[in-house]
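Student: Work out the full structure: start from the sequences and follow the hints.
Taking my numbering, I'd label the letters of the sequence shown as residues 17 to 379.
If you're looking for bench data, these hints aren't it; they were derived computationally from the structure.
You may find that some hints are simply not true.
[Unchecked claim] Calculated pairs, DSS-like style, for lysine-lysine (alpha carbon to alpha carbon, straight line, at most 27 Å):
| id | residue 1 | residue 2 |
| --- | --- | --- |
| 1 | K297 | K343 |
| 2 | K212 | K297 |
| 3 | K34 | K77 |
| 4 | K212 | K77 |
| 5 | K102 | K125 |
| 6 | K77 | K88 |
| 7 | K94 | K77 |
| 8 | K95 | K34 |
| 9 | K102 | K133 |
| 10 | K94 | K34 |
| 11 | K125 | K88 |
| 12 | K133 | K94 |
| 13 | K102 | K77 |
| 14 | K133 | K34 |
| 15 | K95 | K133 |
| 16 | K88 | K102 |
| 17 | K94 | K125 |
| 18 | K95 | K77 |
| 19 | K125 | K34 |
| 20 | K88 | K133 |
[As the list claims (entries may be wrong)] Distance ranges between label pairs, derived from CB positions:
| id | residue 1 | residue 2 | range |
| --- | --- | --- | --- |
| 21 | E143 | D215 | 35 to 45 Å |
| 22 | P46 | S174 | 15 to 25 Å |
| 23 | K88 | Q175 | 43 to 53 Å |
| 24 | Q175 | K102 | 42 to 52 Å |
| 25 | L45 | N149 | 32 to 42 Å |
| 26 | N27 | G206 | 20 to 30 Å |
| 27 | Q209 | P97 | 38 to 48 Å |
| 28 | P46 | Y226 | 32 to 42 Å |
| 29 | I208 | P41 | 34 to 44 Å |
This structure is a prediction, so every number in the text was calculated from the model and none was measured.
Even glycine gets a Cβ: it sits at the ideal position worked out from N, Cα and C.
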Amino acid sequence: MPAVPEAVLDNLRCVNCKQWLSYGPIRLLPNGGSICGRCVYVGPKDQYRHFAFEALACYFKFPCKYWENYCKELIPFKKVPEHEEKCDYGSGCSIFCSHPSVLCKSNRKLNLDAVVKLELIPDEVLEYLRCSNCAGYLSCAPVYVCRDGTSICHRCSSQIPLPSREFIRDLCFEIFVGVMIFPCIFRYRGCIQMYKFGDEMMEHEIDCPYGQTYIKEQRRSKQEPIEKNYKEKGVIKTISGHIYATLTPNAPLFSLSGMSNQNQSMFLDEFERHRDNLASKWGQTGYAEEQYLPEKRDTVSTHSPPTRHDSIYSNQLMNTQLIDELKVRQQIRDSFRQHQQPNTSYVQNQPQKMKYNVYSRNS
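Tutor: Given below as structure tokens:
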């Protein structure tokens with residue numbers, strides 16, 4: 017936990033007791049001054065409590081108010097009241113005199129020319145340093161305090177009206193937070209830039225590439241002409257035209273859809289029934305059907321569902337046997353027609369028509 021720089025500590029004083037603002041709660045007066053917790057019952061009743069200042073003060077250590085009496089302790093903000101009550105360097109005249117060093121002379125002074133070390137704000141403190149209107153970081157001046165203790169950042173103060181009685185500018189907080197380094201408000205988008213409290217952060221937020229707004233490209237209307245090489249998702253160009261299809265890595269293009277075993281057995285039964293009907297139709301020629309039909313093949317058992325390879329093999333076998341049977345039937349019909357043709361030597365005598373003309377004269 018770092019200590020408050022001496023150059024900053026000299027500006028963090030109570031307007032009433034002139035002590036450091038290390039004793040909570042910290043309140044604001046309408047004129048912009050701050051009052052520490054030691055003087056809570058002093059001053060006007062119209063006081064605003066600033067929670068952002070107290071949250072930032074909890075991250076630092078403050079020297080004791082008897083520092084001028086050579087008290088070397090650096091105390092966290094929440095433990096300052098307990099230490100001041102038991103401090104060995106305290107004097108009984110502090111109630112009657114605002115500066116105990118008047119009674120006991122001391123040459124101890126703050127080093128206002130010391131180098132100020134910048135501190136990176138931790139995330140648990142950064143959540144309290146947000147604007148109550150836009151939720152942005154309080155990373156640039158001016159910072160205003162509302163009646164309920166919340167803060168308004170520089171972004172919102174330039175856009176919304178600020179009544180003088182409802183909003184008070186906290187100058188002590190702006191000086192205190194000047195030693196802190198803030199991240200960019202667009203860090204949740206990926207920006208990793210960090211800047212000190214002030215104008216540098218405001219200029220970066222304006223030009224930050226992660227904060228630029230981009231207009232989403234609108235969809236093309238149906239009335240616009242389609243380009244020659246334009247391809248749409250789900251449309252496949254074929255020889256006969258365009259088709260809508262869904263391609264999967266596990267199925268080849270234009271492959272047959274898979275069939276369950278029950279559907280395959282039903283298909284085989286229907287095909288067997290159709291084959292029997294076709295064979296009986298070709299057998300109605302006056303010849304014995306058993307004389308010319310070959311032996312029937314073994315029927316495929318439909319009780320056990322065939323696999324995909326068995327169904328393909330059985331289909332090929334049935335197609336080959338059916339073609340052979342059709343060829344045999346065609347040969348039988350051709351031979352039967354040759355036996356049923358009439359004798360060419362027999363000629364039927366038919367009466368010949370006599371030519372008659374109405375204009376011809378009788379001889």
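Student: If you check each hint against the structure, which ones fail?
Tutor: Going through the list in order, the structure violates hints 2, 9, 21, 25 and 26 and respects the others.
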